[in-house]
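These protein sequences, in sequence, are chains H and E.
The first sequence lines up with residues 18 to 110 when you count with our numbering.
The second sequence lines up with residues 3 to 105 when you count with our numbering.
Derived from the structure by calculation, the hints contain no laboratory data.
These numbers were taken from a predicted model, which means no experiment stands behind them.
For each residue, glycine too, the CB sits at the ideal point set by N, CA and C.
Not one of these hints is a red herring.
With beta-carbon atoms standing in for the labels, derived distance ranges:
1. H:Arg71 / E:Gly67: 21 to 31 Å
2. H:Asn108 / E:His19: 33 to 43 Å
3. H:Glu40 / E:Asp33: 14 to 24 Å
4. H:Lys37 / E:Asp33: 19 to 29 Å
5. H:Glu40 / E:Asp74: 44 to 54 Å
6. H:Pro90 / E:Glu75: 33 to 43 Å
7. H:Lys98 / E:Gln90: 15 to 25 Å
8. E:Asp33 / H:Gly84: 50 to 60 Å
Okay, here's what each chain looks like letter by letter:
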Amino acid sequence: MTKSDLIKRLAEANPHLLQKDVERIVATVFDEIAEALARGDRVELRGFGAFSVRHRAARTGRNPRTGEEVDVPDKAVPHFKTGKDLRELLNAD
Amino acid sequence: MGERTVTRADLAEAVYHEVGLSRSESATLVDSILDEVSRSLNDDGMVKVSSFGTFVVRTKGERVGRNPKTGDEVPILPRRVVVFRPSQVLKERINPHLAETAS
Chain H
18 MTKSDLIKRL AEANPHLLQK DVERIVATVF DEIAEALARG DRVELRGFGA
68 FSVRHRAART GRNPRTGEEV DVPDKAVPHF KTGKDLRELL NAD
Chain E
3 MGERTVTRAD LAEAVYHEVG LSRSESATLV DSILDEVSRS LNDDGMVKVS
53 SFGTFVVRTK GERVGRNPKT GDEVPILPRR VVVFRPSQVL KERINPHLAE
103 TAS
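For reference, chain H alone in the conformation it holds in the complex:
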């Protein structure tokens, strides 16, 4: 499923809403999550999962082709931990 499939399904399930409003709702939700992570906040969506930001220290890497050393700066990476309900849904049988 892509974002546009998601919008289509939500629009079908909510015929009283305009397509453009459904688009804005979906965009707002993912944008809020991204914005929270950019601030360094955690996003905990009970049942679905939690997003957090993990920090990776700067390190010296190597170009695998040339063997040349390169400085890899410190960086933050988003991390997702699956929530209980979603985990159970995926493993129900």
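Starting from the structure of chain H, add chain E where the hints point.
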């Protein structure tokens, strides 16, 4: 300035401010989005949200684990897990100091 935790209620509040819906309908729509993503992960194993990231379901095989407290061997059954791969846009948003050097 500690980190705070953003919840479903915060997302619903953002939707409420962005679109002219009631608070309760905004909350229901946030839940619908997350339910739809969950359902689709279960049915199709992948959800792609452009400029945000991709959720992928991976199947992990059975392996032998250990109870860290007692050292007892316990089988870890095969299971399905979700892996989130952030998009380039999201990575850059979280690392504004690196964005200009990203290829």
